[in-house]
Amino acid sequence: MTARPSIPVPHAPERLERAAVDVSSLPVLVTGPRAPLWWGMVLLLAIESTVFASFATTYLYLRFLAPQWPPMGIDAPGLLLPSINTGVLIASGAAMAWGDAGVKKGNTRQLLIGLAAAVGLGLVFLVLKVIEYRDVSYRWDTNAYGSIVWTIVVFHSTHVASVLLKGTAVAALALKGHFTAERRLGVQINGLYWQFVVAVWVPLYVLLYWVPRL
Amino acid sequence: MTAPPMTTSVVPLPPAPPVSAALVDAAERQQLAETWASPGGFLGWFTHVNHRNIGRRYIITAFAFFVLAGLEALVMRTQLAGPDRTLIDPETYRQLFTMHGVTMLFFFAVPVMEGAGIYLVPLMIGARDMAFPRLNAFGYYVYLFAGVVLYGGLLLGIAPDGGWFNYVPLTLREYSPGINIDLWATMVTFIELAALVAAVELIATIFKMRAPGMSLNRMPLFVWSVLVMAFMILFAMPPLMVASIELAIDRTVGGQFFNAAAGGDALLWQHLFWFFGHPEVYIILVPALGMVSQVVETFTRRPVFGYTALVLSLVAIGFASFGLWVHHMFATGLPELGASFFTASSALIAIPSGVQLFCWIASLWEGRPELRSPLLFVLGFLITFVLGGITGVMVASVPFDIQAHDTYFVVAHLHYVLIGGSVFPLLAAAHYWFPKATGRAMDEGTARLSFWLIFAGVHGTFFVQHALGLMGMPRRVHSYPAEMGWGTLNLVSTVGAFVLGTGFAVFGWNAWRSARRGAAAGADPWGASTLEWATASPPENFNFAHVPVVASRQPLWDAPPDGVPVVVGLRSDRREVLITRTLDAAPDCKLVLPGPTAVPLFTTLAVSVSFFGVLFSPWWVPVGGVLTYAMLVVWNWPRQTHETEDSDGPDHHAARREREAGADDRVAAGWAGEQHTAPEPEPPDGARVGAAAGAHLQADAGTGVSGSADARRVP
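So the sequences go chain by chain: R and B. At position 48 of the first sequence (counting the first as 1) the number is 48 in this note's numbering, and the numbers step up by one without a gap. At position 435 of the second sequence (counting the first as 1) the number is 435 in this note's numbering, and the numbers step up by one without a gap.
It is possible that some hints are incorrect.
Unchecked claim - Label pairs and their computed distance ranges (CB to CB): (1) B/L312 / R/V124: 45 to 53 Å; (2) B/G152 / R/A116: 43 to 51 Å; (3) R/A76 / B/A350: 45 to 53 Å; (4) R/V124 / B/G157: 50 to 58 Å; (5) B/P638 / R/V124: 25 to 33 Å; (6) B/L74 / R/P27: 52 to 60 Å; (7) B/E28 / R/P27: 20 to 28 Å; (8) R/V206 / B/M471: 49 to 57 Å; (9) B/R513 / R/L60: 51 to 59 Å; (10) R/S49 / B/P638: 23 to 31 Å.
Claimed, not checked - Per the computed footprint, the stretches of chain B lying under chain R, defined by three or more beta-carbons under 8 Å from a beta-carbon of chain R, are: (11) 238-250; (12) 565-573.
Please keep in mind that the hints were generated in silico from the structure rather than gathered at the bench. Small disclaimer: the values here were computed from a predicted structure and weren't measured. Ideal placement from N, C-alpha and C gives every residue a C-beta, glycine not left out.
My request is simple: use the sequences and hints to build the entire structure.
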């Protein structure tokens with residue numbers, strides 16, 4: 001070890017350089033596809049979509065394999081409560097979009113009201129889901145139908161719960177006056193995820209409540 | 001790829017006096033070094049976020065797992081060296097072959113390719129770091145934790161034992177009551193998380209952080225291959241996560257997904273697994289193909305033949321790999337029409353692979369190949385991979401596959417494609433980029449010795465296994481009776497395996513020794529064409545003091561002699577990086593990256609509570625979830641720099657307006673000019689670059705193949 005030759009000193013190669021582009025005045029606060037974080041969220045949504053699609057594929061695979069769907073002894077799910085509840089979730093997405101539009105104009109008050117409404121409606125959605133599934137006649141370990149229905153519902157509800165938590169954190173920052181018309185990437189990213197959780201529920205709603213009636 | 005004519009997109013340079021960066025900005029360099037430094041010490045190690053630190057960790061950790069999996073293989077080969085041997089019992093053998101497969105595919109091949117991407121991509125696209133440095137660190141810790149826990153399981157004798165593809169119903173609670181399979185389901189899901197994180201990171205970085213002028217059609221082929229790999233990870237890994245979650249539900253809370261008696265189905269597992277599993281093979285192969293293209297370009301001293309065809313082939317392989325999964329399931333009695341479709345699609349993928357091979361052959365044919373060790377490994381790849389490809393076309397046909405299914409023929413085939421397609425290019429890449437990473441060259445003689453040992457070892461081990469498979473030897477048997485007559489060939493295979501192991505030992509020794517005593521390499525020892533060779537070896541923490549501006553696919557070969565155009569105006573007192581537009585890489589905005597932090601480590605610990613806890617009780621999942629939420633709030637809480645000294649804060653606008661008449665116009669002028677066919681007089685060197693690039697386009701079209709090669713700088 002002692003006879004070790006000296007490590008070559010890191011040096012830039014002797015290349016003649018000349019200033020071609022001055023970027024000192026380019027902005028730091030950007031939104032939408034200009035921001036890497038926006039891409040990060042979109043890619044996360046691509047992953048999440050694939051996960052939901054894989055669960056939906058499992059559902060359809062098991063459904064087409066089964067002689068009867070839902071299996072003997074289980075009624076087709078009711079439509080009234082879940083349909084109303086789907087409306088509630090869509091309304092929370094609309095409230096979130098309205099709040100986002102507010103901060104675009106620098107209106108933090110509108111953002112806060114939108115967030116509060118969206119979180120409230122999201123909570124209603126979760127409560128109604130609990131009420132709905134408290135009374136079903138099957139569990140996740142009853143049969144394959146129960147396994148996939150419970151998995152999809154719990155998985156999606158976990159997403160709703162996580163956007164509620166995330167929305168609360170955004171609201172805390174908004175109360176601190178963190179967001180402005182320029183500095184609103186965080187709101188935008190939060191909104192993107194929120195709308196995804198709402199949008200992904202629509203095909204799941206069709207799958208869980210209408211496909212058994214086909 | 002609609003490549004705009006290269007001549008019109010040469011960056012018009014605003015007049016600026018040439019300066020030698022090395023001379024004038026010593027103070028700036030010092031400040032950059034301080035800004036981008038990582039803390040030392042043991043505790044400091046857990047706060048590193050720089051992409052080269054994380055990339056190096058990925059690569060070293062992956063090679064450590066490679067050694068472990070290789071040792072497992074040697075133990076198995078020793079057991080199989082002759083009939084009726086009793087070195088290890090069947091239960092241990094099951095754990096060994098499962099761990100060998102799991103380690104090689106999940107803990108070596110994918111992470112090492114991601115590590116290479118994380119290490120090299122920012123250097124090759126002229127960026128100072130990646131888009132989400134903390135996410136990088138998080139992914140690494142997840143990978144490390146998963147691997148350590150899995151190997152802890154092996155030490156305790158509770159390692160997974162259901163094969164690397166873990167088929168149900170064997171792996172359901174009823175038939176595998178131990179914790180072994182739970183360990184598989186949990187750790188595989190965990191490592192998928194690391195892979196997905198790295199994929200997001202790589203795509204965002206490649207899309208948004210390329211040097212000005214490096215439009216998509218000028219990206220180095222390795223960067224293209226990493227991009228394709230990352231997109232494949234994005235869509236291939238989630239189905240496996242879903243499969244493992246469903247298996248975990250079946251095993252822990254009594255789910256019925258795979259229980260036929262309750263409406264479930266065992267084949268559902270195989271569909272979900274192979275929908276991941278087949279792209280997985282190509283996830284490993286695709287970046288290796290990119291490595292081959294870079295090595296071929298450098299050692300043939302000419303732009304690689306058929307850039308566009310190579311890129312399209314990579315993308316085509318990416319898409320086609322998602323339509324092949326059923327060929328792993330031919331023996332399950334699927335409808336014949338389906339089987340025929342998957343036979344056709346499996347044969348189809350030979351076409352883009354063939355296009356790539358012929359492009360490389362054309363490059364070698366028309367260039368002046370220098371047979372240095374990286375190119376030697378590439379030639380080893382060509383031979384081995386083609387042999388694996390041929391047996392691949394054989395097993396793609398249903399009648400043959402039914403015969404060869406679950407025999408050593410398949411073992412031989414998959415090792416030929418994985419070692420040939422992935423390990424040889426990886427070794428080529430290791431020898432090729434070693435001087436960049438360490439500042440020292442690997443010893444050429446030892447490198448050649450390791451090549452011949454590995455080449456002989458691979459073919460010695462696996463060629464005879466084709467014959468063993470055709471003789472009927474099933475895979476995954478822990479022993480066989482003497483009267484089967486498989487003894488001699490198995491002995492040959494075992495001897496080959498030890499030659500192979502010796503070859504890797506020589507490689508490892510060469511790397512270890514050269515990193516300490518190798519000859520100083522200098523910034524660009526190979527006279528290569530891509531940006532990573534424009535910076536020091538090893539690069540400083542900030543990679544580039546001045547981000548270069550790129551005007552061709554071979555920026556170093558086409559560098560104007562009177563001064564390389566560079567970007568100025570990135571601050572050196574904070575980790576500022578340039579964001580460019582996705583398609584044409586025009587400068588767009590800047591991003592301030594976070595510095596060293598332990599938040600990724602604590603977030604990994606929080607996530608681990610869920611993943612490791614579920615081995616004992618499902619209630620740990622929500623506990624970990626709450627902890628993870630808390631860590632993510634800490635993670636995403638606005639950083640101090642943004643709060644106090646945002647360059648876009650209100651105060652800054654005045655200063656900005658003041659400057660707008662001056663420097664800002666240069667940006668606008670420089671990059672607005674790019675949109676048109678720059679009518680203003682270009683600098684003479686710019687014209688030369690344009691002409692050379694034009695000749696290059698012709699070369700791509702196959703008309704004047706050797707026309708441009710001589711025009712390039714050949715040191």
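Handout entry: Structure-inconsistent hints, enumerated in ascending order
Key = none
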